[in-house]
Amino acid sequence: MKLLTLDLFYIIAGTFLLLAAGRIALDRTHPQRWGSAVFWGLLALTFLAGKALPPTLSGYFLLALVVLAATKQVGEKPEAGSPLTERVASAARLKNRLFVPALLIPATAILGTLALSRLHVGDLWLIDSASITVTSVCLGAAVAVVAGLRVTGAPVTTPVAEGSRLLQTIGWAIILPQFLAALGGIFAKAGVGAVVADVVAQALPTQYPFVAVLAYCVGMALFTICMGNAFAAFPVITLGIGLPFIVGLHAGNPAIMAAIGMLCGYCGTLLTPMAANFNVVPAMLLELRDKNAVIKAQVPIALTILAANIALMYFCVYRF
Amino acid sequence: MIKLIGILIVGAGFALRFNPLLVVMAAGIATGLVAGMSFNEIMELFGTYFVQNRNVTLLVILMLPVVGLLERYGLRERAETLIRRVRSATAGRVLLFYTAVRQVSIALGINIGGHAAMVRPLVTPMAEGAARARHGELPDQTSQAIRANAAAAENVGNFFGEDTIFAVGAIYLIKGVLDTSGHKVSVWALSLWGIPTALVAFGAMWWRVRVLDRRIERETAAPPAEGER
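Read top to bottom, the protein sequences are chains D and V.
The first sequence begins at 5 in our numbering and counts up by one.
The second sequence begins at 731 in our numbering and counts up by one.
Note that these hints are calculated values from the structure, not bench results.
Take these hints with a grain of salt, some might be off.
[Unchecked claim] Calculated lysine-lysine pairs in the BS3-like style (CA-CA distance at most 25 angstroms, straight line): (1) V:K733 / D:K193; (2) D:K193 / D:K55; (3) D:K6 / D:K55; (4) D:K295 / D:K76; (5) D:K295 / D:K81; (6) D:K193 / V:K905.
All of these numbers come straight from a predicted model, not from anything done at the bench.
Next up, chain D with everything else stripped away, as it sits in the complex (with noise of 0.2 angstroms):
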C-alpha cells in the first residue's frame, strides 16, 4: 500500500483543470467561453477517470480535444494578468519570504528522493517508489500551493484562478508533448521505426568505421527529430544501425556507442518542434512571439555537441 501515487496526484491535476474549467463556463465575458470550458473540462476527465475510461472513449474525447484547437475554439481572455504596481507593492512587503514556496518544490524533491522514500510502516509506504523522482516534485507542488497561501494569506480561490490564468495562456499546447508520446506508441505499432532503419543501412557505405559512426550519430538526432522523442528513437536506431554495423561489423564497444548515441538523440530533441514539452510549450509559458524561439537558441548548442559527439565516439568506440 503507497500513501503517495502518481493516481492521487492525477486526481488532483484533474480537480484542477476541471475548476478551470467551472471558472471558464460561467464567465460571461470570456471570449471563447464554451470551446474552452469544454476544452479543459474533456482533459479533466481524462485526468480523473484515466485508466477506468474505456480507451476508445479516451481516443474520442481527444478528436474533440483536437477539433476544438483547430476550430479555434480555445482561447484565453485578454488582460486578465494583475497590475504591476500591486505585484511590485506586494513583492516590497513580503520581502524574501516569497522565495519559501518556490524553493520547497526543489528541497522537497530532494527530500522525496533521498529520504521520503524509505519511510514505511510495515507494508505501509509512504511514496511509491516506482515513480519516486516524479511523485517527488508533485508533492513538492502540492507542499508549495499550501505555503504559498500562508506567506501571501491569500484566499484559497487564488491559486485556481490564477493557476487557470497561465494554462490559458498555455492553451491547447499543454498537451500537445503527451499527444505525440501517443502518436509515437502508434508509430512503433505499425512497425515505422524498422522501416527507417532499413532504408538508412542500404543507402549508406556503412563497411567504413566513421560512416557506420556517422549514420548512428546522425540518424539519432534525425529521427528524434522526426519522432521528437530520443527514447522512441533510440531502440530503433540502435538496433537497425548501431549494433549491426558498429558493434557488429567493425567490433565496436557498445557501451560507449549507446551513451554516447542517447545524447545524439537529445541534439535532435533540442532542434524540433515535435518535442514540444521541452521547446514549444516554454516558448508559450515564456510568451515569447516566436514560437520557434527557443529552437532557434538552441541550433548552435545542439551542433556543436553533435559535432562533438560524432569525433567522441569515433575516436573511442573502436578502441577502448
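Take the given structure of chain D and dock chain V to it, following the hints.
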C-alpha cells in the same frame, strides 16, 4: 515505405504551420490505416497511449496554481530586485549558473528544474533583472532573446547532466535495449561515457551566454546623439 507516411505528414504539417494537434492526429490516423487498423482501433490506441502518458503533462499542470499565486504576489519582481544587488551578475552568467546547477543536480538523480517551476518564475526575471540593472530598460527583442536562452539553459542542463554519475531513467532504457539484444553492459560504463558530452554541453552553453551578453550590450547601447561622432 508507405508506413513512413506519418513522418511525412508531421514534417509537412509542421512546416506549413497547421495546428500541431491536427497534424499529429492526421499522422496517427494515416499511419494506423496503412498498417491495416480500423478507425476505432486507432482511436483506441490514441486513447490508451494518451492516458498512459499523463505523467508527461502532470508536472506542468501541478505547477500552475503555485506559480500563478506567487506571481500574483510579486515573486518575479522580488527575484529581479534581489539579483540587482549582485554587481557581477549578467543575464548570461545567471543562465550559465542555472545550467550548472541543473546539470549537477540531475546527475545526482534530483529533478529540481522545469520551465514552469523555475524558468518562468525565477530564472527569467533574474536574467532580465541583471540585464536591466546594467543597461536600463531592455528593448523587447532583447528581452525575448534572454527568455529564449533561458529555456535553452534549462533544456541543456536537463539533457546533458542526466546520463552521468547516477544511473537514472535513460541509462536503464539503454541497458534494457542492449541486454535484450545480447550485449551485457554495466550501468557504470554507460554513465562514465556520458561525462565528456556533459562537459562539451556546458562549454557550448558558456559560448552562447557570452554571445547573449554581447548582444544585450549592443542592443541597449544608446544610439549616438545627433551631431556627435
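Each hint tested on the structure:
The straight-line distance between the Cα atoms of V:K733 and D:K193 is roughly 11 angstroms, inside the 25 angstroms bound, and the hint therefore holds. About 20 angstroms separates the Cα atoms of D:K193 and D:K55, which keeps this hinted pair within 25 angstroms; it holds. With a CA separation close to 18 angstroms, the supplied pair D:K6 and D:K55 stays within the 25 angstroms bound. Between D:K295 and D:K76 the CA atoms are separated by roughly 17 angstroms; this keeps the pair inside 25 angstroms, and the hint holds.
At roughly 20 angstroms between alpha-carbon atoms, D:K295 and D:K81 fall within 25 angstroms of each other, so this suggested pair holds. A hinted pair counts as satisfied when its Cα atoms are at most 25 angstroms apart, and D:K193 with V:K905 qualifies at roughly 22 angstroms.
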